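Once you have looked at the hints, place chain B on chain A.
Number of protein chains: 2
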Amino acid sequence: MSDTSPGYGITIRVEATTTSSPTSLIPAAIVAAGGTLTALDVVESHHDRVVVDVTCDTRDADHAEEIAAAISAASPNFNVKKVSDRTFLMHLGGKLEVASKVPLKTRDDLSRAYTPGVARICLAIAADKSDARRLTIKRNTVAVVSDGSAILGLGNLGPYAAMPVMEGKAVLFKRFANVDAWPICLDSQDTEEIIRAVQLIAPGFGGINLEDISAPRCFEIEARLKESLDIPVFHDDQHGTAIVVLAGLLNALRIVKKEMSEVRIVMMGAGAAGNAILRLLFLSGLKHASVFDSKGILHNESKADNEMRRWLISNTNVENKTHSITEEMKGADIFIGVSAPNVITEAHVESMARDAIVFAMSNPDPEIDPALAQKHARIVATGRSDYPNQINNVLAFPGLFRGLLDAGVSKITDEMLVAAARAISECVKPDQLNENFIVPSVFDPAVSPSVSNAVYKIATEK
Amino acid sequence: MSDTSPGYGITIRVEATTTSSPTSLIPAAIVAAGGTLTALDVVESHHDRVVVDVTCDTRDADHAEEIAAAISAASPNFNVKKVSDRTFLMHLGGKLEVASKVPLKTRDDLSRAYTPGVARICLAIAADKSDARRLTIKRNTVAVVSDGSAILGLGNLGPYAAMPVMEGKAVLFKRFANVDAWPICLDSQDTEEIIRAVQLIAPGFGGINLEDISAPRCFEIEARLKESLDIPVFHDDQHGTAIVVLAGLLNALRIVKKEMSEVRIVMMGAGAAGNAILRLLFLSGLKHASVFDSKGILHNESKADNEMRRWLISNTNVENKTHSITEEMKGADIFIGVSAPNVITEAHVESMARDAIVFAMSNPDPEIDPALAQKHARIVATGRSDYPNQINNVLAFPGLFRGLLDAGVSKITDEMLVAAARAISECVKPDQLNENFIVPSVFDPAVSPSVSNAVYKIATEK
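Residue numbers (my numbering), protein chains in the order written: chain A, 1170 to 1631; chain B, 1170 to 1631.
The following block holds chain A by itself, in its conformation from the complex:
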């Protein structure tokens, strides 16, 4: 099987003599070198030579070079002019722009959108601050805030390198829920400075989406901002993941016909996401769970140096077991991994209960190779787009914020998160539901409206 990815897509420009069969030999060279051909365009044609752009997916940067070399080697009449990386091309100049919603063609337009007319809008808001939601962009705007300390699975890359992810997030907000999100990457990793900066920029935003901020700082930042701001604050790495895991698990349990209150879950990873997932699962009826970190199973004597960890210790492993992951996996119904690559084995999965469910979400490399897990588990989910059942936060955050903004919510409650999860799970219709389809496609247009309606309903019922 090919393991090329469009994330490593390249376009190669080749000049060739017309008699050298470029449109057959170049594709053949690409395929022989392991590339996946996706397009071929003749961009220039002369009587003696042609210029051809071939586009293909590759495995990685080295593979792209190998493919270019293979084309050069295929004929002395092929001249590779340029190798363009399609992902880099897409990012040139960034992925966002600002658009005006008002016309500005005449002096009359100007006198309404800016001075002198705008003065009356300012005075109306000064007289009644709540008019800001009606007369400014606040109502539809979310700040996507990061300090760059935990970018994807890549680690602490800082605020400049965080921007492409936060821009991408803003693109997703717009694409899936028409939310106007703006990336704010902060040049500090000091908890107090981050909290204060977000408080200071809050007037112009209707919500705050915290992103890729490392644990345990993310807990305090989220908690303190929730307490001090009158707009919703959401840490996507925790709660977005938790929503989609709950959605997937609700459908997985339907398939295996087990009840949340009766299953036993083993979780690997005691970080931000793991904590948020277990909170939502307990709210949804879960009773039996244990959590492992790199030191082993959490129990009464485990280090409890922050509130989230204390919560995990007091709510999981009530029998206070101290045995190994190998022992704990025996007979477990569900494994949830939010930790590191390859930390459980095929034998572990084999030892689980009948109809085992495995969520192995370490990215890009899961806690166990999904192909191995599938040999023994009935349902396997990962964070990857190239396997079935991708646990992708894109299913949750756009619709969630759409509902929050429309309802003018000031605090997110756990009930809203559970409602979002149920809405996502219900987008998989009974006749679609099967072991390889426990969450809807990210491109399913029903998901975002379903989530926003569910959240709006809960938010406005109270």
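Calculated from the structure, these hints are not laboratory results.
Note that the structure is predicted; figures quoted are calculated from it, not measured.
Treat each hint with caution, since some may be false.
[As the list claims (entries may be wrong)] Here are the simulated DMTMM-like pairs of lysine to aspartate or glutamate, each with C-alpha atoms no more than 20 Å apart in a straight line:
{"id": "1", "chain 1": "B", "residue 1": "1251", "chain 2": "B", "residue 2": "1235"}
{"id": "2", "chain 1": "A", "residue 1": "1580", "chain 2": "A", "residue 2": "1300"}
{"id": "3", "chain 1": "B", "residue 1": "1343", "chain 2": "A", "residue 2": "1278"}
{"id": "4", "chain 1": "B", "residue 1": "1343", "chain 2": "A", "residue 2": "1217"}
{"id": "5", "chain 1": "B", "residue 1": "1298", "chain 2": "A", "residue 2": "1356"}
{"id": "6", "chain 1": "A", "residue 1": "1343", "chain 2": "B", "residue 2": "1396"}
{"id": "7", "chain 1": "B", "residue 1": "1270", "chain 2": "A", "residue 2": "1254"}
{"id": "8", "chain 1": "B", "residue 1": "1343", "chain 2": "A", "residue 2": "1277"}
{"id": "9", "chain 1": "B", "residue 1": "1298", "chain 2": "B", "residue 2": "1235"}
[Unchecked claim] Derived coverage of chain A by chain B (criterion: at least 3 residues anywhere in the stretch with Cβ under 8 Å from a Cβ of chain B; other residues may be distant):
{"id": "10", "segment": "1262-1269"}
{"id": "11", "segment": "1566-1579"}
Backbone N, C-alpha and C fix where the C-beta goes; we use that ideal spot for every residue, glycine too.
Chain B only, in chain A's frame:
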């Protein structure tokens, strides 16, 4: 003369019987009540009645009510259903939105714009921070930052009421120079907090436009940010105004055939804008100036409690005069007002030198009624759009930032500001130049490119 304004435009919906002559009597009632009719639309027509939307400009909110009452009084068969304020309608939901520059239709798009492809972009920037300008929105993005302490001429309205102005500014940035600007209104008026917040959000922006921050805090905020950031920092209320004043004055001097080095200027107002204007004028050859604040002429014994004021005191009024504005205006060539309404008299202008030039820029009410000033001065300019020679910052800031961003400038120099002013003045062609046309129209499409080219040239020459 009517003094209605499109900034106070309203649309009135009237239901009327078909036999009551609504399309002639309603317009007549509006005109009789002093409104300026701009549109009439029959929006519903039935056999016995019609619904008509009439749009007109009014003087103010009270006038709008008078006009609605006049329509009601014009016929017992007219029923005023709704009076809509067109300026408020334009602001509903705010004036900006975020647009994606990349397609997001397929999973391949997603894997390039977001994970996993985006990881490679992050790693490239982490390896070389300067790539942020190439691969993120930083290159084309400006933060429009205010604390709401000095909104237009309205005073300290706070960050929520500041948003409509900052959004309007962002609309102008996009409209006139395709710069992506985002409003950031800060929930603090503490100098240190503002400085730190701007430093923290800087990674995602290519420039900072400070706006409507009150003096003297604005001086320190600008100076400290310029010193600490590697992107251009611009305080529009100071330097934007200064650029356009210099542009207008260069053309005014051409008309009256006087040299900058020989004229004597009297300035009223020792605030942020006055200071910046004089700095640019001195750089352009000015030698003789004096400045008045509310306590009288600045001289060697005047209070000098900040650096900007010390600079004014040591550079103006070199003869150390202590007399009144009445004495100082006698024989002056140029008056520049950046202070308060009606602080000079017709007699003051009459006492000025031959071919006097008056820039009365207090807004909305100038230092002297322009009609009175025109009786004695050869050239009169104001900040208002309803008189000739409007000194409007829109002529400067969009093109200036376009040039700064394109050149990748890290510090703005006075030479760049002077180059911008010269470029604006040169947009008025010799055959267009006259007493009532010393600056180009804000809608002149040549202005922004001329300014950006001039700034780019200076910035890249060094």
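Right, here's what the structure says about each hint:
{"no.": "1", "hint": "B:1251 with B:1235", "result": "holds, 14 Å"}
{"no.": "2", "hint": "A:1580 with A:1300", "result": "holds, 19 Å"}
{"no.": "3", "hint": "B:1343 with A:1278", "result": "holds, 15 Å"}
{"no.": "4", "hint": "B:1343 with A:1217", "result": "violated, 47 Å"}
{"no.": "5", "hint": "B:1298 with A:1356", "result": "holds, 13 Å"}
{"no.": "6", "hint": "A:1343 with B:1396", "result": "violated, 36 Å"}
{"no.": "7", "hint": "B:1270 with A:1254", "result": "holds, 18 Å"}
{"no.": "8", "hint": "B:1343 with A:1277", "result": "holds, 18 Å"}
{"no.": "9", "hint": "B:1298 with B:1235", "result": "violated, 61 Å"}
{"no.": "10", "hint": "1262-1269", "result": "holds (count 8)"}
{"no.": "11", "hint": "1566-1579", "result": "violated (count 0)"}
Of the numbered hints stated above, those contradicted by the structure are hints 4, 6, 9, 11, listed in ascending order.
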